[in-house]
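Please work from the sequences and hints to get the whole structure.
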Amino acid sequence: MLRFILRRLLAGVILLFVVSSVAFLLLYLGAGDIARQILGVSATEEQVAQKTAQLGLDQPLIPRYFDWLTSAVTGDFGTSWFTSQPVVAAITSRLAVTLSLVIGTTILTAVVGTALGVWAARKRGAADRTVQIVSVLGFAIPGFLIAIFLVNVFALNLKWFKPTGFVQLGVSFPGWLSTVTLPIIALAIGAIAAIAAQIRGSVIDTMRQDWVRTLRSRGLSENRVLYKHVLRNAGGPALAVLAVQFVGLLGGAIIVEQIFAIPGLGPVATTSTAQGDVPLVMGLVVVTASIVVIVNIVIEILHGFLNPKARIS
Amino acid sequence: MSESAATPTPAVATELRAARSHLGRRLLKNPTGLTALLVLVVMILLAVFADFLAPMDPNKANIQDVLAPAGGAHPLGADSAGRDVLSRLLFATRFSIAGALWAVLIAAVIGVTSGLIAGYYQKWFESVSVWVISIIQALPGIVVLLAARAVVGPSIWLIMAVFGVILSPAFYRLTYTAVVGVRNELFVDAARVAGVGDASIIGRHILSVVRAPIIIQAALLAGIGIAVQAGLDFLGLGDTNVPTWGQMLSDAFSRMYQQPVLLVWPSLAIALTSVALVLFGNALRDELERAAGKPKKRRRGAAAYTPDASGPAPVVHAEERDDARPVLLEVNDLVVGYDQPDGTVKQVVNGVSLKVRKGEVHGLIGESGSGKTQTAWSILRLLPGGGRIVAGTVLFDGKDLAHLSEKEMTKIRGRRIAYIPQEPMSNLDPSFTIGSQLVEPMTVTLGISKAEAKKRALALLGRVGLPDPQKTFDSYPHEVSGGQAQRVLIAGAVSCEADLIIADEPTTALDVTVQAEILDLLRELQNDLHVSVLIVTHNFGVVADLCDRVSVMQHGRIVETGPARSIFAGPRHPYTKSLFDAILEDGAARGPLAHSADRHTLTEESAR
Chain A
1 MLRFILRRLL
11 AGVILLFVVS
21 SVAFLLLYLG
31 AGDIARQILG
41 VSATEEQVAQ
51 KTAQLGLDQP
61 LIPRYFDWLT
71 SAVTGDFGTS
81 WFTSQPVVAA
91 ITSRLAVTLS
101 LVIGTTILTA
111 VVGTALGVWA
121 ARKRGAADRT
131 VQIVSVLGFA
141 IPGFLIAIFL
151 VNVFALNLKW
161 FKPTGFVQLG
171 VSFPGWLSTV
181 TLPIIALAIG
191 AIAAIAAQIR
201 GSVIDTMRQD
211 WVRTLRSRGL
221 SENRVLYKHV
231 LRNAGGPALA
241 VLAVQFVGLL
251 GGAIIVEQIF
261 AIPGLGPVAT
271 TSTAQGDVPL
281 VMGLVVVTAS
291 IVVIVNIVIE
301 ILHGFLNPKA
311 RIS
Chain B
1001 MSESAATPTP
1011 AVATELRAAR
1021 SHLGRRLLKN
1031 PTGLTALLVL
1041 VVMILLAVFA
1051 DFLAPMDPNK
1061 ANIQDVLAPA
1071 GGAHPLGADS
1081 AGRDVLSRLL
1091 FATRFSIAGA
1101 LWAVLIAAVI
1111 GVTSGLIAGY
1121 YQKWFESVSV
1131 WVISIIQALP
1141 GIVVLLAARA
1151 VVGPSIWLIM
1161 AVFGVILSPA
1171 FYRLTYTAVV
1181 GVRNELFVDA
1191 ARVAGVGDAS
1201 IIGRHILSVV
1211 RAPIIIQAAL
1221 LAGIGIAVQA
1231 GLDFLGLGDT
1241 NVPTWGQMLS
1251 DAFSRMYQQP
1261 VLLVWPSLAI
1271 ALTSVALVLF
1281 GNALRDELER
1291 AAGKPKKRRR
1301 GAAAYTPDAS
1311 GPAPVVHAEE
1321 RDDARPVLLE
1331 VNDLVVGYDQ
1341 PDGTVKQVVN
1351 GVSLKVRKGE
1361 VHGLIGESGS
1371 GKTQTAWSIL
1381 RLLPGGGRIV
1391 AGTVLFDGKD
1401 LAHLSEKEMT
1411 KIRGRRIAYI
1421 PQEPMSNLDP
1431 SFTIGSQLVE
1441 PMTVTLGISK
1451 AEAKKRALAL
1461 LGRVGLPDPQ
1471 KTFDSYPHEV
1481 SGGQAQRVLI
1491 AGAVSCEADL
1501 IIADEPTTAL
1511 DVTVQAEILD
1521 LLRELQNDLH
1531 VSVLIVTHNF
1541 GVVADLCDRV
1551 SVMQHGRIVE
1561 TGPARSIFAG
1571 PRHPYTKSLF
1581 DAILEDGAAR
1591 GPLAHSADRH
1601 TLTEESAR
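Residue numbers (my numbering), protein chains in the order written: chain A, 1 to 313; chain B, 1001 to 1608.
Please note that a few of the clues may not be correct.
[To be verified] No farther apart than 27 Å at their CA atoms in a straight line, the calculated lysine-lysine pairs in the DSSO-like style are these:
#, chain 1, residue 1, chain 2, residue 2
1, B, Lys1450, A, Lys309
2, B, Lys1454, A, Lys309
3, A, Lys228, B, Lys1450
4, B, Lys1471, B, Lys1455
5, A, Lys228, B, Lys1346
6, B, Lys1450, A, Lys123
7, B, Lys1411, A, Lys123
These are calculated hints, taken from the structure and not from any lab test. Treat the numbers as computed from the prediction; the structure is a model and nothing was measured.
Dropping the structure here:
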């Protein structure tokens, strides 16, 4: 188990290295006259040259990359070019907000998606068709469109929620819940559609397995076999879908945060890319890629827990 | 998507390809597909003729018309800069759709090309592709696009080209799977042997297989492309001189408090197009699956048979002695059928009657497809989906199981009637240890504690001849052999002290030497426990070995029944005789026999 985690972590580190290298090269090769952008049109050539030297942009790319890499390994991602705030501080203060949103959405997705999928698989008929229609709509309609719709209906018209604002999870749980309810629903609908479709399919397939008949022949009720045995076997493929959804939610949160004015990574990502704030963009790339690596490892461990054949001894 | 794997012969493949060529026509007959297609065609027409349809320049701002309501010069009103909403909407349709199609085109070119190369030639190209894909997928698409935005600037075409690269793995995987499936097929080999060049094989045989799945994938990805493009523009990262749905949405959102109606048009356009694309893709996939399923269905249809239930009465052998043992199970005129999609019922058991006495071993014998297994499952009321008892009674200990509630039936299963399946390896839940699968039913049906159940389970595992009960108890099903698994299943069947065990060909799936051991075990257990057994088999050796009484089944009904010894001494029904002849020829009887060769028989596989 430990060896498995270490091996996956090593593969993750290699992946992070490659991703950050590619991002670094592309970002610096593509960036124009950065010092000029920072200082504005009124700055003199001298000031621009001085700023360029100050940022180390007059150095060749490869040594600059190694500088960045050696600092990054120690947890120092430099400072933002535009706000002079350290990148790590700029990201960590907002990462928790985005994660609380995405993890909340993932939990809701897992619960509701599984329930809907099982319901459709069991009842078939009208229930099945309902879930399939919801799946199509959820898959097709972008989350931010749903978010705009929810704001209009539930915040502006019905006034059940505030249209914008955010309360930290640590400050007040009910406060947090009331500010993230609409964003989480907006994000979750697409993911729920995907999970429900997956669970429905794999429950139907698993119910056809021979061992389901044999377990029932031993006197176990249909529900017991379904919830204890079938669901556990059907959960593996659904977990893989959940991992993909989690990564998608991380991206979706960026747009949805904008709509609800939630101070997560979204606003940072938007402004830093529009400005071309390369250190900050690099930090964001590394942080999101790390989250993806960690999530994939966690999902694989969970998968091994569900499926003994996939377990690494 | 890999339906190509289900095309085993060139004949079927040709048929499939013919079916595919009619796919377009069939799609037009599918109401959902047709509607979706119409919506898309209208959208594309609006996009193409935007110049003629738009009343104004979409970017022309007019301060006097800021947030003008609908009507007059502005049929749909004006936005926050006083630009005409209708004109912007028409041009936005052009640029949003073009942007999405551009991304899909790039993705298709990269994905299909690399998929073809990797699938057809494999080797190093394949491993490189796997690495590149895992790098692409290490980040959420939006984050890559945001980073790309920092590099390439606000150009919609450059950004969507980058998005095309992000989407390309979807096409790669699709093509790769299809190519690997087709590559090793006979007709591709034949083409290669016939001297057809690689390019020609790819063009003729492989592209024709992946064409439809690529269109489906393209439709789904175009929907994602529209969403992502709109999302980026909504964040204000796009080119403000290019009107898109996202731009309009962003502008409308900033004026949501003053003029919320502005949100309606871009939202509607995005939602309508995305849903139409998904429905189009789904309809195409449904038609494709239907096309692939058709030849199979036809074959199955030919195998179906529905003889009338009023067949000739079975040959009944007289009892050798008056059997004073009470009857435990009495099946009367059992009819089992499967509901068909067209509303008819396909009968697989046509009026079976049989009796099993206390302590008796009753053999139910017949060739594959004669309805033995269906009879066994219907006694347990565990028929597969769509199957049900159409008529008849199943009297067990005075109760009619055919009409018992599911709740009461659950109490009968395991505790009163147990079951030993045919295929040991597929009859244990792969996710739980063998021990827990023995303990759980005992705690539920016998109401004993877990510790007590574990003690019993270990004793049972020893009793069925497993050398190391504790080790087997802790093992997962994939860690034991087929013979061991069958012993485990037998232990499970006797664990709850049932009065009747239904054994469905318990030795068929095993090696010959293991078969003999399992039969010995069954005989021993039956002697010790005095349990009644209904054993389903196609093997007269098993009957001779174990059974007191035999019923011979053919085409869903009993043709001859009586004491085993009497039937062995003088089989009377021609079918029973032919079963015996088959043993003389080549040992065990299996498959259709002489007298039924002219009749189509339902194979057990297709009945499941």
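We went through each hint and held it up to the structure:
1. B/Lys1450 with A/Lys309: holds (25 Å)
2. B/Lys1454 with A/Lys309: holds (24 Å)
3. A/Lys228 with B/Lys1450: holds (17 Å)
4. B/Lys1471 with B/Lys1455: holds (14 Å)
5. A/Lys228 with B/Lys1346: Violated: A/Lys228 and B/Lys1346 sit about 33 Å apart, past 27 Å.
6. B/Lys1450 with A/Lys123: Cα-Cα ~33 Å, so violated.
7. B/Lys1411 with A/Lys123: The hint holds at about 23 Å.
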